[in-house]
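Asker: Take the given structure of chain Z and dock chain U to it, following the hints.
Those protein sequence lines, which keep their order, are chains Z and U. Residue numbering for the first sequence follows this note's numbering, beginning at 56 and increasing consecutively. Residue numbering for the second sequence follows this note's numbering, beginning at 661 and increasing consecutively.
Treat the hints with caution; some may be incorrect.
Heads up, simulated DSSO-like pairs for lysine-lysine below, C-alpha to C-alpha not over 30 Å straight-line [claimed, not checked]:
id, chain 1, residue 1, chain 2, residue 2
1, Z, K271, Z, K195
2, Z, K342, Z, K195
3, U, K852, Z, K195
4, Z, K271, Z, K242
5, Z, K342, U, K852
6, Z, K271, Z, K342
Keep in mind that the hints were calculated from the coordinates and are not lab data.
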Amino acid sequence: MAGVTAARLSDTLAALPQGALAPAAADGRDRLAHAVARLTYGITPDLHGEAQRLGVDAFIAQQLTPNALDDSALDAPLAPWRAILDATPAALFAQYENDRDVIVGALTGGTTIRAMHSTRQLHERMVYFFSNHFNVYIGKAITVFLKVEEDRLVIRPNTMTTFRQILGASAKSPAMLVYLDNARSDKRSPNENYARELLELHTMGVNGGYSEDDVKAVARAFTGWSMRGRTEGDNAFTYAYRRGFHDDDAKTILGAIIPAGGGERDGELVLDLLAAHPSTARTLATKIARRFVADAPPEALVERLAAGFLVSGGDITSLLRDLFAADEFWDAPPKLKHPFEYVVSVLRALSFQVSNEQRFGRTISGALEAMGNLPFAWPAPNGYPDVAGAWRDGLITRWNAAISAVSGDIGGAGMDIDRVLRLFDDNGVPFETEPVVNFMGGYLLGRPLTSDESGVTVRFARESGDGVDAQIASGIALLLASPAFQYR
Amino acid sequence: MTQTLSRRALLRGLTAAAGAAAAQSALPAWMPRYAFAPLNQAARGDVLISIFLRGGADSLNMVVPHGEDAYYAARPRLAIARPDATGADARALDIDGFFGLHPALAPLLPIMQAGGLAAVHAAGSPHDTRSHFEAMDFMERGTPGEYHIGTGWIGRHLAATQTPGESPVRAIGFGTAAQAALRGAVTPVALKSIVDYHLGGDAAAGARMLDALNQLYALDSGTLIESAQATNSAIETLARVGYDSYRPQNNATYLENDFAAALRQTAALIRADVGLEAACIDLGGWDTHVQQGGATGMQARLMGQLASGLASFHADMGDSMRAVSVVVLSEFGRRLHENSGAGTDHGHGGAMWVMSGSLTRGGVLGRWPGLDQAALDRGEDLAITTDYRDVLAELLTLRLGSTAVSEIFPNHAPTGVGVFRG
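In isolation and in its complexed conformation, chain Z is listed as follows (with noise of 0.2 Å):
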């Protein structure tokens, strides 16, 4: 008797979800909403019954092989913008010399779409991280028709791979080169912009143990990694070394001697040296478990994380996946929502899709503008700050965004409400105000309301208007700009 239902048991457990029956997390979600919450850009009716269905373990798995999930459902509403993002820098200038702002629409509505569409979520917030470690500011010179190339062939293919690999990809990058000026540095007097940034922000940290004179000979390393101009026809805009521009003289660098002689090769040389040193494993352990776990994360993850990122050869996706296996993800505190996660994941919860792509573009660059979080526009080479500090002023305009997504069309996007609908009658909600605004306040959040966010909220939809739909909708509203769905 006591055999049997052992054996009942375990079959039950068999078939439940890996991690389904794990302790919540201090903040009341269970990991599966934790996971949900740190690795995607938030909620959809879609995911939440997904998401449910693969258990916390094969879920992160999944989204740590981003290239075996299907994504085809990205490909129609992607496709109106496939011309601009598609396009070679020489074709953007060609025609939109005089129009920047239809290729920052692009720009701004692809990547917003993406967040909000794709399954390889994991991978669009990395493009998200990378993208601001390797911050490029599309209002600088031309940079915004070398952008969507960048944004193609550097940063997408290249998130989930090595280190060195992006990171030498960045270096040839004609954005990067522009942006910083290394395309412009001879040497005669080599411009120092890029050689420090790449010290300072992109490998080893403003306190990894380098001095003035390294920024110095680095810059001369770089001398001649160039761009060919935009007389150059179909090469217009493209990598070009410039021999004639290089300091070929021996350089002494972190100690290390670059011999006389070496050309091209210097660049890649300072990038090896950079790429696999100690200080460059911090940054890249810090910023990464700053993105995914806290503001100040805790000493001891970022000690361990650093030093796997050493022993990996720099393994971005090996980095991810000891992250997620540490018990400081899961005991995370509260992470401030960026605006432009904010906007996505109100998108997403209310399964909003585009219908008219251009207008789209013009009101989320306008939005994200607004916000202060338009992608590729923070000026400075740091990238938009991820500190809770940089983005709590901004609650109104959250507020207002959450007001405006309830009407169910933003400018080019409605909500598609048969889908919300559907999510209700797909976990037997009653069309009542109470259950409906519970419900939601479980699905936004991951985790039930508490009686008291449960009853200001109710009472607040039940004040605003008599009618049940207006009830509903004001309630998601409070919910969407209650501090609860601020946080990742």
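Answerer: Then chain U, alone, in the frame of chain Z:
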């Protein structure tokens, strides 16, 4: 599906009147009136406006040392011609026989000559970093070389003078996030536009939603409680300013750019007497590694924005400049020698500017170290002879009624610089 929710019905929801302005009181607050200052807003001193030129402004081409041959030798392509040069399209505007203003700063010359504006040359932060981010961080926190004090110099001043029942808009940071200098016990308001600072929807629905949000944010386990309270109070206060009908005075006209808009809004807030004590405004784009330009070009355009904004504000404020002090900072100056890209790399000493009704005199202040090789910092950059904290300390003490300078600039004993009058 048995549910009755329709697209139309959801659309009707909360936001039938989305975009409508909140109800406003009859008289805009900026209008001249015989105000009885509320007890909790007793004037403590000048309103402080701190402007930050992000990127490391090349002060050598702004306040041009035209008496230095070394300046011309180091900058064959970028130097601004001497005031008496022949054949040059544009020349420095002489200030005192040794220094001259860049021609794009022309709107500032009359203010300078009337004693309302001074540049303290060879000033800056003594820490030797050439990193933008480190240098800005040290400068705004007011603690060069120190990493543990998280608050900013203005934030500490406001905290030291905090009393119960303060105005919710004591400190405004223009932009989407308040500047690091404002961080402190007082939660500053980050503001892009006064007229947009309200909740969408009709006023009654907005008020109910704010009330509900207040209750929810009071339950927050994270770090948003104070921001939500500050936002709520600021919505109420800014609605009284009546900015959309604000008209600058004394025929002042502001250009259409973010910098000018921030100054125009600052002027309106000062006139509205809503308790503003400090405002931070950024002007970015000064990191001129290539194609900096000389008398015209990239940096000249930025200088044009700076000068026009300051001059418009000065005119708009008129007599009220008596109670206003503006300070302009940048994280560092730039290298004396131009580089191969016709730009300049990161340097050390720069210039800070002060515009106030209470200067000892206008013109160029500070001790000029010269540009001889031996006088340069590291043999290549303008040296610093005035610690920027000395100027700010004098401003805080003489103009803002501070008695807490030793807390605002810890580990620094300020030296009098004779820039401000008491």
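Asker: Decide, hint by hint, whether the structure agrees.
Answerer: Against the structure, the hints come out as follows:
Using a Cα cut-off of 30 Å, the hinted pair K271 of chain Z and K195 of chain Z holds, with the two alpha carbons roughly 24 Å apart. In summary, the hint linking K342 of chain Z to K195 of chain Z is supported, as the alpha carbons are separated by about 25 Å, within the 30 Å threshold. Between K852 of chain U and K195 of chain Z the CA atoms are separated by roughly 22 Å; this keeps the pair inside 30 Å, and the hint holds. Our distance criterion of 30 Å between C-alpha atoms is met by K271 of chain Z and K242 of chain Z, whose separation comes to about 11 Å.
A hinted pair counts as satisfied when its Cα atoms are at most 30 Å apart, and K342 of chain Z with K852 of chain U qualifies at roughly 29 Å. With a C-alpha separation of about 26 Å, the suggested pair K271 of chain Z and K342 of chain Z falls inside the 30 Å cut-off, and the hint holds.
The earlier numbered hints are all upheld by this structure, with none contradicted.
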